[in-house]
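Spelled out, the chains give:
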Amino acid sequence: MENWRDHGIVLSVRPHGESGAVIALLTEEYGRHNGYIRGVNSSKLRGVIEPGNLVSASWSSRMSDQLGAFVIEPERAITGPLMGDPLRLAALISACSLCDAALPEREKHPGLFHGLLALLDTLDGEAWGAAYIIWEMAFMRELGFGLDLQKCAGGGDVSTLAYISPKSGRAVSLAQAEPYKDKLLPLPDFLKPGGSSMDMGEVLTGLKMTGHFLEHWVFAQSTHGTPEPRLRFQARVEAALINSGPNSA
Amino acid sequence: MSYNRSTRDDGPLDQLIRALASLPGLGPRSARRIALHLLSRRDTALNQLSDSLRLAAEKIRPCSECGNLDMTDPCRICQSPERSPSQICVVAGVSDLWAIERTGAYRGRYHILGGLLSALDGIRPDNLSIGTLVNRVQDGNTTEIIMALSATVDGQATAHYITDRLKSSGQPDIKISRLAHGIPVGGDLDYLDDGTIATALKSRA
Chain A
-19 MENWRDHGIV LSVRPHGESG AVIALLTEEY GRHNGYIRGV NSSKLRGVIE
31 PGNLVSASWS SRMSDQLGAF VIEPERAITG PLMGDPLRLA ALISACSLCD
81 AALPEREKHP GLFHGLLALL DTLDGEAWGA AYIIWEMAFM RELGFGLDLQ
131 KCAGGGDVST LAYISPKSGR AVSLAQAEPY KDKLLPLPDF LKPGGSSMDM
181 GEVLTGLKMT GHFLEHWVFA QSTHGTPEPR LRFQARVEAA LINSGPNSA
Chain B
162 MSYNRSTRDD GPLDQLIRAL ASLPGLGPRS ARRIALHLLS RRDTALNQLS
212 DSLRLAAEKI RPCSECGNLD MTDPCRICQS PERSPSQICV VAGVSDLWAI
262 ERTGAYRGRY HILGGLLSAL DGIRPDNLSI GTLVNRVQDG NTTEIIMALS
312 ATVDGQATAH YITDRLKSSG QPDIKISRLA HGIPVGGDLD YLDDGTIATA
362 LKSRA
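For the protein sequence lines, the chains are A and B, in the order given. Residue numbers for the first sequence follow our numbering, beginning at -19 and rising by one. Residue numbers for the second sequence follow our numbering, beginning at 162 and rising by one.
Bear in mind the hints are in silico, worked out from the structure with no lab data behind them. Among these hints, one or two may not hold up.
[As the list claims (entries may be wrong)] No more than 30 Å apart at the CA atoms, straight line, and that leaves these computed lysine-lysine pairs for DSSO-like: (1) A:Lys161 with A:Lys147; (2) A:Lys188 with B:Lys328; (3) A:Lys131 with A:Lys147; (4) B:Lys328 with A:Lys24.
I would like the entire structure built from these sequences, with the hints used as guidance.
Right under this line is the structure:
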């Protein structure tokens, strides 16, 4: 009999049968792990099995390569308070769907577990948009697709980095970028040396930047492409900017 | 599956058991019990059920306005003069409409989406009747939309998406409300989960 116990963040819930579900957790020690859970509609579990919540999970299975079953207990409710905020909720769903779609099953990523938990904790704060972009960059780095924002790809001034090459993922200084501006992706202000603006316009610039690399690097070989919630999150930020002006937070 | 392992042919009884077993909440064992019960009471149970099924298949249709199931199109709720056309309650399915109707507390009209947005199940906005709702709001004299969708991530993501669509469709003045989230009637704080209490505190009146 195989079994373990660990913390986990709920990534997705797929109803299975009438009262059960197959859920995916991002655990600290066992990575993204699927398992069957009974009684998801019970009053005890109803509010717990939602993407983004932190739970304590016991997994057991007769053999290690089987789906197995989870017994879940709530640890921290993160999703509930965010449900009333469309943008923050969209960011939460997007982060969970990226982990669910891109991480190989049962591959240990403790850094990503703690990173996602930190992001979810930041979502009810002021700088949540910038935190989300930085998390996506860390997420890509963990998967082997790191962006290099430390120096200029063309050997230019490090203090004026303002763009990123869509091919190499390396930063480019203002002067070096001048002839290729149209082909480069602009860096959001909070990722530029000395930059501090984190308004929604900069968040959208960041989403377009990481969205490009998610599409062309991380999900390039996926038949489904970038997960729908990530695309919807970017579209929602864009729509929010159009509706309320470029400098609204 | 067979009611008798030695019987190889797929007769009407096998077909009946298989059809019953495919219904929600029923497995092969329950299906066999129901089949035997129906056959032992042909006049009182089997024929009556058979007539009801035939009648339902022939008569019940989805309402072209709201998506409710009824024998008339538009349905009786959409036709009723006692129902206020200015309020539309948006629900995911017919069972949610029935749940609200059981309370007797709502006297407006409904709109049934036919599900919730779900990336996992591949349900996109095009798969739901959101466009029909936008058209209803644009054509009619609706003043309020009540989002009666489940308090889950999928339910609330769908509600936010519909709100955006309605606002961007040239209806900025329409009131969009949602069902309250929080402590259920008779709920004891000590037995509630953290998320419910946190949400109740956040949306306190």
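Quick one, are Lys188 (chain A) and Lys328 (chain B) close enough, alpha carbons at most 30 Å? 24 Å, holds
Checking one constraint from the list: CA of Lys131 (chain A) to CA of Lys147 (chain A), max 30 Å. Satisfied? 16 Å, holds
Check whether the Cα positions of Lys161 (chain A) and Lys147 (chain A) lie no farther apart than 30 Å. 14 Å, holds
Restraint status (C-alpha distance of Lys328 (chain B) to Lys24 (chain A) at most 30 Å): 36 Å, violated
Checked against the numbered hints given earlier, the structure breaks only hint 4 and satisfies all the rest.
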